[in-house]
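Order-wise, the sequence lines are chains A and B.
Using the working numbering, the letters of the first sequence correspond one by one to residues 1 to 1063.
Using the working numbering, the letters of the second sequence correspond one by one to residues 1 to 480.
Accuracy of the hints is not assured; some may be wrong.
[Stated by the list, open to error] Dumping the calculated DSSO-like pairs for lysine-lysine here, alpha-carbon to alpha-carbon at most 30 Å:
no.: 1; chain 1: B; residue 1: 75; chain 2: A; residue 2: 960
no.: 2; chain 1: B; residue 1: 450; chain 2: A; residue 2: 274
no.: 3; chain 1: A; residue 1: 119; chain 2: A; residue 2: 400
no.: 4; chain 1: B; residue 1: 204; chain 2: A; residue 2: 933
no.: 5; chain 1: A; residue 1: 950; chain 2: B; residue 2: 75
no.: 6; chain 1: B; residue 1: 83; chain 2: A; residue 2: 960
no.: 7; chain 1: B; residue 1: 114; chain 2: A; residue 2: 950
[Stated by the list, open to error] Derived DEER-like restraints, expressed as beta-carbon distance ranges:
no.: 8; chain 1: A; residue 1: 606; chain 2: B; residue 2: 462; range: 36 to 44 Å
no.: 9; chain 1: B; residue 1: 445; chain 2: A; residue 2: 328; range: 17 to 25 Å
no.: 10; chain 1: B; residue 1: 30; chain 2: A; residue 2: 580; range: 15 to 23 Å
no.: 11; chain 1: A; residue 1: 576; chain 2: B; residue 2: 170; range: 32 to 40 Å
no.: 12; chain 1: B; residue 1: 30; chain 2: A; residue 2: 254; range: 47 to 55 Å
no.: 13; chain 1: B; residue 1: 118; chain 2: A; residue 2: 606; range: 26 to 34 Å
no.: 14; chain 1: A; residue 1: 604; chain 2: B; residue 2: 252; range: 20 to 28 Å
no.: 15; chain 1: B; residue 1: 118; chain 2: A; residue 2: 644; range: 25 to 33 Å
no.: 16; chain 1: B; residue 1: 462; chain 2: A; residue 2: 701; range: 47 to 55 Å
Honestly, the hints are just simulated from the structure, not real lab data.
Please read these numbers as outputs of a predicted model, since none were measured by experiment.
Positions of the beta carbon are idealized from the N, C-alpha and C atoms, including for glycine.
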Amino acid sequence: MVKNLLIVFATLYCAAFASAQGSQTITISGVVIDKKTGEPIIGVTIVEKGTTNGTVSDVDGKFGLKVSSNSVVLAISYVGYVTVEQPLGSQTNFSFSLEEETKNLEEVIVTAVSIKREKRQLGYAAQDIKADELVGSQETNIVNAMNAKVAGVQILSSSGSPGAAARIRIRGNSSLTQNNDPLFVIDGIPIDNSGGESTRTLESSNRAIDINPNDIESMSILKGPAATALYGIRAANGAVIITTKKGKAGKTTVSFSSSWGIDMVNKLPELQTKYAGGNNGDTVYFDQRVNRISPGTGNSRSWGPSYDELRYNGVGDKWDDRGRMVLSNDPNLARVTPYDNINRFFVPALRRDNYISVSGGGEKSTYFLSVGNFKQEGIVPNTNYERSSVKFTGTNQVNKLLKLTSSATYTYSTSDRMRKGGNWSSPIVSLFRSPNDFDIANGKRDPITNKDAYLFADGTQRQNAIFDNPYFSVNNNLASEKIHRVIGFLQSDIQPLPWLGIMARIGTDFNHFNDRQNYSKQSAENHAEQSFVGSIRNGQTIRADLNTDLLISADKDISKDFNIGLRIGHNYWQSSSNQLEATGYGYTFSNYEDLTNTQSIETFNRDVTRKLMGIYSEAKLGFRNYLFLTGTFRREEASTLPRKNQSFTYPSLSLSFVFTDVLKLDNNQWLSFGKLRLSVAQVGNLPNPYLTNTFYTRNLSVPFQGQTMYRSELTQGNPNFKPELSTSYEIGTELRFFKNRASIDVTYYDTKSENQIIPIQVAASTGYNFAQRNSGFITNKGLEVVVGITPIKRDFVWDVNLNFFTYQNKVFDVATNYQQIGGSAGFTQGYSGYANGNNYGILIGASRYQRYGQDPNDPAIRKDLPIVVDSAGYPVIQNGTYIIGNPNPDWTLGFRNGFSYKGFSLSALLDIRKGGQVFNLTRLNMMAMGTHKLTENRDELKPFDNSVNKDGSANITSIKQDRTFYENLGGDFGNVPERGIEDGSWIRLREVAFGYSFNEKKVKVLGMQNLSLKFTGRNLFLITPYSGIDPETNAAGNDPSFGRDAYNSPNTKSYVMTLSALF
Amino acid sequence: MQKSSICCKILIFLTVIGGLQSCNFGDVNVNPNATTNEVVSLDKRLPSLEYDFASIVGGSVAVRVGNIVGYSFYKQGPVGFNKYIFSPADASNINLWGDLYAQPINQAFQIIAKADEEGNNFYKGIALIIQSYSIITASTIWGDVPFAEASQASQFPFPKFDPQEAIYAKVQENLDLAIANLSNETGKVKPSVDDLIFKGDVSKWIKTAYALKARYYLHLVKKDVANYAKADVALANAFKSNADNCLLVFEEGVPDVNAPLYNEKVSGDTQVDSEFGTLLRTTLKDPREKFYTIVKGSIVNPSQIRALYGAFYGSKGSYYPFITYEECEFMRTEILMKTSGKAAAEPAFRAAIQASLDRICTKSIGTIPTDDVAVGIPSSVLGIYVNKVANIDSVAEDSTVWKTIFQQKFIAMFMQAEAWNDYRRTEQYVAGIKGLPIIKPRDGGLLPRKYYYPSTELNANPAAPPNIPDPYQRVWWDSN
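If we strip away everything but chain B, and leave its shape as in the complex, we get (with noise of 0.2 Å):
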């Protein structure tokens, strides 16, 4: 065999192999089952922003506040959370910071952006205004929290800390920005069924911006009473009836979609706090009891009542409201109230708690046909509860006065997280009494004013603030 061939077979062998080096395997890591920024469009952003943002402040905002002010009680999970034992470390186990800033406040940023692209008004619009929701709602539990260079990680990839006091004049601004955007007819395309809150009717948008605006001015009471007028002002284009209740409808039948309420009736992870069942059932009859809550167990052993969600809120296509009506009326109660006196607030008092019932109380929820969740009470009938409580001006004392009407401010924004900005702001109002009266911390402990900073944020941001030595530090607003 001749020597020269067998080099001439080698050859071959490695030129194969050098034509295999050139290899590009350039597309192959592009996965196949995911998309990119500049193909998804906004109207497949915006129904996955309010989605997010209703299971996020409806869910693990709703069930941690509620905590602490007293509606859910946590049956599993860290068992101190029922003591207020709570540390930098759940903080982060908790994930409530993540899940707003990753979520809502992360998406809404996106959105504006694209927005401002494409120079559209209308979803410019309505992501400020649940940008503003959740970075309010972010500050009111940790205070100081970051907004300017949020979400901007490649350009901001420590974001700074900004002053509560900052964040909400921005947010004011945002706010008055996001009706400038939405009152522009002109504009681009609408919104329309890819916005699940409000179907893309923008005047609904528009009243939800004002009443979020009194809502916040509300908020800084403590610090100026200027604040009474400028929410007063902002209350006029607000909502006029439940029918402009910014609320997101959970869709039955959609399997593992689920208002987040009903989620923690099944896991049985919360319940609602029994004091607050006892409070409606025995101490108030309120006729709402049946819809926030089904107690489950003995009778004979009452140690062992499970009070789970209710029907109203606890079912597979409850809804979770961001702001009502009712909660309009309330803050013209108190500003009413401030202003001119407990006979003139009486109508608005008497307007919130009917809007209430009318909103909880009316429509079947149930599946039992011989209990009032099934066919809902007669709007009459719940005038006569509204009659027995409403009456404020016949009540000599004032600290009753607004004890009554932040108890049943209280009751009608169940699961909401606003309660525990109220007792932060309101302990002012009932002398001699600390705090909200109707909330009394459990086991005799106080009522955390503001959270820990979650670890992981402290950890992983070096422009994060050191965090705060225990829960009962004050978010500006709250201290005078």
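Isolated chain A (complex conformation) (with noise of 0.2 Å):
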């Protein structure tokens, strides 16, 4: 740590030492301008060629500059201008007048360690996404705003409540149960995009959120191990590098922009409207109707009579002002009519973003700040999330050799969130499940505020059956969290001679987050049976990482035709963090919800250190400009791994061949540009913290008859780890035609990850259950596709991108198959897990089916192949491990279409994603409770479906589909989770933006550079054969586990309409 320091300082002094600078005799002056339009150009740089002897324009475009004699030559350049050239001679004034370069800039991008390249020299697959498409697609999650427009990269946003997780993946999983998140990197600062899992009770956001789309200049997507090589071990899946905004030498601008907006639910379940609420058709339900608002003897199922026997007797009582329901057909009295509770519930919900930002900078500094402001209700009533944002950024040019960048962001966000699916509490699980004869508002106009809708007179809840009343659960039970975060770094650039640059850097990533989880003293979550009567728990944890940086970096051209780059660079990262948690349980008074009223209080704590430190070089080789051969190699250090292997390197090398240059084609008409690129790579992963050995931990947390007890862990750590190790290749091609009008970029890789470090399962009789071990490998290939087009290009624009990606991602040869990987967010009926020559992620079951003529260890379900019933037509059951499904989608395109005429611009894009299975719980769960719209038919009597008897015979004994059946071989409580399967494809309109931009002339009376206004909808359609809710939900969030829905959130669509101003 110290040390690390060191480098910083060793910068500095070595600045201060350079700024001796040699004798000059002559001063000269001048102004540059632009030789169109005849304005002042600022930063333009004007050098003594050969030395570091320069300087730059002002806002005016003067300059001035002190130089050793009048034979020397100047060189006045400018990004984006064709370079001038002046030998000084007897002239002391100049005015230089720069014409904009008119061939195509090449194009560059930000690659690893901040590293700018033109895009020509890489020999792996990365890809941009651009400012306004980030902002203009109206996500609060940065990660959600890449979705589709990126090959190679898949996002699943977790729900659509307010600051929901989302989970990115970068050419699948190269790990069982490690890292498989991409590197999030801030102006060359690695951050922490943990978290996002989500329980059986909450969801979570991934802390990437915390990015303010707003303060973003530029992203670019790092897809290969090729690419991250310098990264290392961090980047071993891929990275996210986001450029943010710097001020501009030059005239101070102000940029406004504020977005008003609104969210919709956009897909939900279809329940029936045929049955009441009760057992089987009985009526005893409706004798007992006051005993199933009792915690734990109600009768939460909807298999009572059908509405059309059903009248209301007309003396109204506390649970419906129309009266009790009565079996009869009396004319006089009023019919039974289900209410709309769901369709109530979920109410449009406003959203707002204002930014603003002042930057600029003159001769030797620039500064950028910018104050940002976001606030998102939920669809469920008093769920939000709130984001503030304060950056600084600023630039010294110090003296000729030394820059200093200092740069510091602070967020604060908030969020109230409410229970998820799977809890006694959550609004989610009340309304899908319970029976619709009740009124969860109890005819309130106003139910979010009203108390009369669920609270009785007496202070006892008005809940349907078990479940909390949804109004109540919004306002009594909401977990909230709030994060404070500042990322920060300094920066010192040093450039003592003009092929050579060092540069050292320090950057803390620093959040403290705080959150607070309630169950107030009526909640159904304290049923009666349940261990407490009320809850809280307050956690806190606060995490700082810490890098440093230092990059030596030399580009030369050594001849006319080759060009070497050289870079040395050295990393330390280390993360420590500390989680506190306590749990109060069973509040003594009502209303008083604060751990010093619990009776009972249980703690928590963890603390993770991590370290981490790299040495790497790159050595690039140049030739003509079209052959670029690269190589890396780095050497890591960890603390996570055992102390005798605590070190390791991984090679890389990469070639780009721009053939077109060598055919001279730069003319052709019909090819403009063709590359090939060509890498091997290698990169590590490395095992979570404190696996090395195996520890004694305390069983329980709380005192047991006074006494504190300890027992071994029962996973056997491993003193003997060697890191995972990934093996790439990957090849690619970006051609360009009719004078760069249309362009395809093909990539194909192939990956292979070794070493897998996972926790597999021994022999119990050792005393462990599991074991951490080296064990099994994983392949990854894939094929990323990424076409661009411009039909017509005249004052009507019209652009097409499109986006595709297909891949196979496998487990092989790992010792015990079909273990989980996640987390079980509250359901194992169907967990997400590996087996060996199967997908990564396949969802297991423990139970399926008979089907005629499968053999028993064939662990697939066989749609093809019917099933076998008994002697009373229901359904065999067999217990065992299957593969009931792949949540893998077979391929996913991003589809953008954009035109613009004038100041108008349109552009939608379309997602399509085909394949990818979901384990829909929910509608299981809804089936068995009777509630789902399939159970109408429940008086419906037929041989089931698909099947034959025991002898293959044709099975004619017809049964009915009623709650007996699907609690029991129907299965529909997750029982036969095959039953749960659905196809997650979809074609969605995942962004549709108009926008118009006012006439510049115009807006300049206002004191404007520009206006402009823009209406965005997102998600507006969503076409797929999913029967629950939006198939793009994950029950366990930012998590390796996908492909389930039990009862999550609902996801929306989103109306914004924005207004930005540069003044």
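Assemble the dimeric complex from its two separately framed chains, guided by the hints.
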């Protein structure tokens, strides 16, 4: 640590050294203007050629410089303009007019460790996303904003709740149990994107959500290990490189934008509306109506009589103003009709985003300052997410050699979240599972704020069946989060020679996370049979990451044909977090919801420290600007590896060949550019902390009979771990046609990730259930295609962009099959796991229907074979371990069309996903509860679908698919999980935007440079065979497991209007 | 600018890098929230062993074996369980094996090793008893299981499976060893409150060891009738009253730390088998019925009745009995029936039922003031029931007497795995009726006699034998 600070001091020391200047005699001055407009140009570099002596032009385009003699040559250069060279001679006052470069600027992209590279030099795939594409998507979470915009990147949002997590994978998964997230880097500082795993009770955010998209200048996605070789392990799964906005020398500009929008629920499952609550059509339920409200005794199912047979008796009570339901066809009594609780509950929700930035700079320094505030309400009442951020970035050219950059961003975000599905207090569970003969709003117009909707006069809860009244829950059981986060760095760049640069940087990512989760005394989660009455959890996590970099780069043309680039770097990263939680159980008083009001408090403490040090080098050899060979080498030292194996090294090699340059095709009408890329790279992945030893931990976090007790962990540590190692081969080509009007970029990659670090199941008779081992490998193969076409380019411009991705992600040779990955999120009837020779994340279940002619040892679900029924006509169950589904899509396609005409612009992004199965536990549960539309055929007598008798003969025995069936052999409480598997394909209009930019001359009168108005729609339509909510949700959130829907919170569609102005 | 000064500056950087290279991450990877084997003392291990022992034997074992013999019924989980449809894979999923081996058996091994190091005979004695109990539990479920090489991962990564016969012999030896260790009063520090079961009362542990010896001798009666006499000898030193019972009381008021059947009740994963409920409620009008089970739901529609675990075992602060005085009396009844006839057996039988009723029905456990469970039933009132059922001497048919005895034992030992053992070893007693008569296999099927080895163990342990082809294979002592 101290040593790292030394780097910074050493840098500054050197800078001071360097400021000693040689003697200079001649003073010159001048002005630089744009040849076309005649306007002065700010920030133009004027240097004495072959030296480091130079200056930049000021706001008025003026400059002054001292030079050593009149025989020097001045070089005047500016990005986007043709460089001018001027021998000094006797002249001391100059006027340079620079001409804009007419040739297309070679595309530059930010690569690893913030190195800007011409795209033509890259031997690997990298893709960027423009700032307006990110901001324009109107997504809260920067991860969601990338959706359907980059080939090879898969985004899965966990729900439409405000501040919900999103899961990102670049080129699939390379690790079974360790990190699969790409590295997020902002201005060179790796930042934390952990979090976002959701549990049975709560969703949380992934921490990339703290980034304000408005602050982003550009984003590039480095996909394979060749691209991220210099980052090493932390970018083993790719990297998202974010460059934020900086100030530019010149006039102060003020940019302002304001968005206002509305979110609405986009898809809900269908409920039946024919039957009231009850059991198998009997009337008992009605006689015991009051009883069902008592916790534990109630009946919450919808297997009662048909609404046609029911009338209100007209004697209103506290349950319903219209009275009790009676079996009757008396025409004088009002008919009973179901309440539409579900559609009423989800409300249109407002969102707004305001952002202002001020930037500018002078001869030596620039600054950028921004303030943003984003607030989003949820479609579930009282839920929300709010993010406020302040950012400052400043640069200072201290002297000719030293440039200092400093930046700090402070973000404060808060959210109030509802209880998630799978929880007694979850509004979703209550709405989807409870009979719809009960009005959750109690006839009130304002049930969100009116307590009479959900509380009786005596203060007890007016709940439907055994779950919380959703209005009660959103008023009493919300969980809240508060995050303070600071990301900042200090960087010094030294340029002792034109071809030599030294960069030193120290940065931090610090966050303080606080969450509070409450169940009030009357909530259903405190069911009389549960272990406590009311509870509160107060947790805090402080995480501080420190990152230091030192990078020495040299880049020199060594002859007319050859260019050599060399880099040597050092990186140190340390992350430490401390988590403290206190949970109090059993409130003494109501309405005093604090730890001090609880009868028993449990605490939890977790400290994690990780350190990583890398030394790396890169050598690049360029030949005639069309052939580039780059080799890298990185040595890593990691604290989470066993002491004896703490360091290891890995290389990469990549080649870029612009063959059109060799073939002299530059001016070819048809093919304007062609490049071939080849690369091979290795990268490691680390075990999580504390897996190298077997520890003793407390058994029970609370004393039991006054005793604290300890026992050995059940997973044996491994003192011989090796890091996981991925070897990746990539081949790609980039072709541009018709003078760059059309382009196609195709990449194929093949990665093998060996030495998977997994807790393998060992013989429990050894005393352990699991042992940490290196076992098995994962293969990842994929094809990425990016197409860009501009069919029309006149006043009217039409752009087409297409991102296609298909992949195979398989697991081999692991010691134990069918293990689970990720969290259970509260249900285990079907889990996401792996098995040899199968896809990563396959869905696994513990029972299935027996199928005629299938080998009992074949783990697949053979839907093509008929199901065997018993003599009563009911399907026969087999218990075991079966592969019930594959959540990986066959392919994904993002397809954008953009049109612009004068000030108008229109763009639409279609997102297509083919395949990707989802385990719809929600539907299974709803069928068992009798609330799902599909249970309306409950009285129909027919043989079980696609079935045969045990001897293979046709089954003609009719059965009813009623409550008994669903709860047992229908398996619809999740017991026969194959019944929950559905196709999660979709076609959605992910984004559509219509904008207008006001005429520049007109807005100039208002003192503006630019004024525009834009209407954006998100998720406006969705076509999917999936029967539940939007299949783009994930029960476990940002978690290795995916493809499960267990009362997931619905997704949303949005309409947003944005006004932006530049002064 | 001088080139040399540039070189000098570069040198400074390289020196800094060189300095950093020597970074040592040595102790960073030591988990600060956990500790190591060396640190954890015996008095912090024993309560953990006892707690886990109770949670597993009284939880997963009770529910799983209870499902086989008809105490419990799976409400959620693989639907085939209630029809005895098992597989090696669900044997893994249920993880009885892993629970037993990785928890009580393993922890007991570790305590014995540590106690040997420190020369502490008391901790060793207690750990030996719990280990014996756990290993026999495993052996009654699977037959041949690892013992000699178990829980020594570094020495035996693939523990061999010992024949059941050898396991029983070794366990009898170990129980004798335990008795010897516990009887040595000159020994090291005695456990006290850290012994959750007997609070350091070693005399009760000695009685427990004798009671277990008797139980395990009786397991083997199909193999050798001499075991009746051996069991009888052991019983002489076993429990004398309910005050001696070996049980662990779960503590009320500690969140999320509940008696295992309380958790089952709340989650609704299993409930009391309704046949068993009907036997108590309707057939026998047994006073224990309201203590064992609560009936919820519609009386009008009997198919919807939910028979939850009652307050006696299903409360947060319930206890789980490992072995009780009443079982000793039931064992004595059986031995006397076998050796001296029903007249001699009747007093023991009477004592057994009375002890069971006294244990279960006399204390208040409920909340509804009018209910028996709220106030408890006086012992004298219970005597009426005892008189009604215990008069075996007046029953003519021996087969009827045997049925009555084992029916009563079955009821008394609700949710204890011993019922399955009784079923398998006593089928000989009632000619013409297969098995323990009061257990009626559901759906007219056969009651399983052995359980599949979990595929997790078979896959990971090359020393394991091939799995049984079906659950109707028998353990060694189950065949003559």
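Hints, verified against the model:
Annotation: proposed proximity of residue 75 (chain B) to residue 960 (chain A) holds, straight-line Cα distance about 21 Å (limit 30 Å). Distance check on the hinted pair: residue 450 (chain B) and residue 274 (chain A) sit about 48 Å apart at the alpha-carbon level, beyond 30 Å; violated. With a C-alpha separation of about 29 Å, the suggested pairing of residue 119 (chain A) with residue 400 (chain A) holds against the 30 Å cut-off. Restraint check for residue 204 (chain B) and residue 933 (chain A): not satisfied, since their Cα atoms lie roughly 62 Å apart, outside the 30 Å limit.
Under the criterion of a C-alpha separation no larger than 30 Å, the hint pairing residue 950 (chain A) with residue 75 (chain B) is consistent with the structure, at around 26 Å. Of the pairs offered as hints, the one joining residue 83 (chain B) and residue 960 (chain A) holds, with about 21 Å between alpha carbons and a cut-off of 30 Å not exceeded. With a C-alpha separation of about 58 Å, the suggested pair residue 114 (chain B) and residue 950 (chain A) falls outside the 30 Å cut-off, and the hint is violated. Taking the beta carbon of each, residue 606 (chain A) and residue 462 (chain B) are about 37 Å apart, inside 36 to 44 Å as hinted.
In this structure the supplied range 17 to 25 Å is violated for residue 445 (chain B) paired with residue 328 (chain A), their Cβ-Cβ distance being about 46 Å. At roughly 20 Å, the beta carbons of residue 30 (chain B) and residue 580 (chain A) sit within the given window of 15 to 23 Å. Take residue 576 (chain A) and residue 170 (chain B): their Cβ atoms lie about 50 Å apart, and the range 32 to 40 Å is violated. Distance hint check: the CB atoms of residue 30 (chain B) and residue 254 (chain A) are about 53 Å apart, consistent with the given range 47 to 55 Å.
Remark: the range hint 26 to 34 Å for residue 118 (chain B) to residue 606 (chain A) is upheld by a beta-carbon distance near 32 Å. The hint said 20 to 28 Å for the Cβ distance between residue 604 (chain A) and residue 252 (chain B), and at roughly 22 Å that hint holds. Checked against the hint of 25 to 33 Å, the pair residue 118 (chain B) and residue 644 (chain A) passes, with Cβ atoms roughly 32 Å apart. Checked against the hint of 47 to 55 Å, the C-beta distance between residue 462 (chain B) and residue 701 (chain A) comes to roughly 38 Å, which is inconsistent with it.
Of the hints listed earlier, those the structure fails to meet are numbers 2, 4, 7, 9, 11 and 16, in rising order.
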